[in-house]
Amino acid sequence: MQVNPASLSVLSSLLEARTGQRLSEGRHWRVEMVLKPILKAHDIASCDELIAQLAAPGSGPLCNETIDALLNNETYFFRDSDAFADLFRRIENTAERRQDTKKIRIWSAGCSTGQEIFSLAMMFRENAERWRDWSIELLGTDISHTAVNRARLGDFSQFEIQRGLPTRLMLRCFDQCGTRWQVKEMVRQTVRFRCHNVLEAPPPGPWDFVLCRNVLLYFPDVNRSAALRNISTVLAPDGGLILGAGETVLGYTDRFEILPGARSLYRLVSGELRQISSAA
Amino acid sequence: MKKCLVVDDSKVIRKVACHMLETLDFSVEEAGDGSEAIEILKQEVPDVVLLDWNMPVMDGMEFLHALKALALENLPKVIFCTTENDADQIRRAMDAGADEYIMKPFDRETLQSKVELVQNGDHCGQQA
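Here the protein sequences come in this chain order: A and B. Under UniProt numbering, read the first sequence as residues 1 to 280, first letter to last. Under UniProt numbering, read the second sequence as residues 1 to 128, first letter to last.
I should point out that these hints are in silico values taken from the structure, not numbers from a laboratory. Keep in mind that the hints are not guaranteed to be accurate.
In silico SDA-like links for lysine to any residue, alpha-carbon gap of 20 Å or less [said to hold, decoys possible]:
no. : chain 1 : residue 1 : chain 2 : residue 2
1   : A       : LYS102    : A       : ASP238
2   : B       : LYS104    : A       : SER157
3   : A       : LYS184    : B       : ASP88
Keep in mind the model is a prediction, meaning the values are calculated, not measured.
Based on the provided sequences and hints, a complete structural model is requested.
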């Protein structure tokens, strides 16, 4: 199956209209691969025929399936382990300032199938005694219904479970079910998942940390700005935004600045400072 | 350059693993069973040993015991890499002294993440 430029253009427009994400040239190579199962399942001969069917009335479910397939759900446990170690140190610092409420809230925006937020859940679980009197709220959101449904199940293949997850932690936090691995209830119950696009109104804050790693890179500039603006409205004044290693806020918003000495961790610029900076 | 010793009785697996490790900037040596691996270790201790379980002459578990008996000053990190994919077997291997565990089949990303774990330490160092 060859995906011709006209078809790619239609798919790109559809993806952007429905999700705000752009099918950049760098992602064209995977279109054929991700659409193949859909063509096979629906007995559709070619990508052109798929596009014709998407334009027909009543194509909603097929359209949803196509969009879902085009989204990149690449993720793994403890992705960028240095960032995780740093994040947990920052969480401890935040906890010192939350002694009155004993509450920590963390939102994983663009959580895909849940490995990132489950990694955090496991770290809290491993230190259960330390966090015994605390309310730890962990929320994972993603635009993909398929990914969120999978995250809710907490069910992972052998390939998924092995990437980034220490074996001893796997044995403590997962049950083996044949060739698959199911997150134990004690971990699963600490995380909530819901479908959500970061371009929509964000889940009510304040969030102490928002992880939005390797998500913005799929958006055109204007939508990166919108997503960052949304996050800025629900981040706690002393909270932290964590982006992917190759991502930045520079050029997209003046609401965040990099935290001194940190990598990929941003804090809110106070309103006053922002006004001075805008006036300058 | 870090060194890895790949111990597996399958030439094909050794070839695939060696290629993956070379792309991860390892220099690689090979052994066809645990006994051969012990002889190599007596000469030079690598940073990492990628170890199969089921092998002739000396299997992976026997190798772990023999490695302990060598009483080396600097022990290599041992990653089991095997088709024994049952949780109880995995627990047994970890209890016997393995640092990490890979269930076959595996890909480069899995190998990379496990190598990073044994080199940098995991996030929660408690015992299973």
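Evaluation of the provided hints:
no.	hint	result
1	A:LYS102 to A:ASP238	holds, 15 Å
2	B:LYS104 to A:SER157	holds, 12 Å
3	A:LYS184 to B:ASP88	holds, 16 Å
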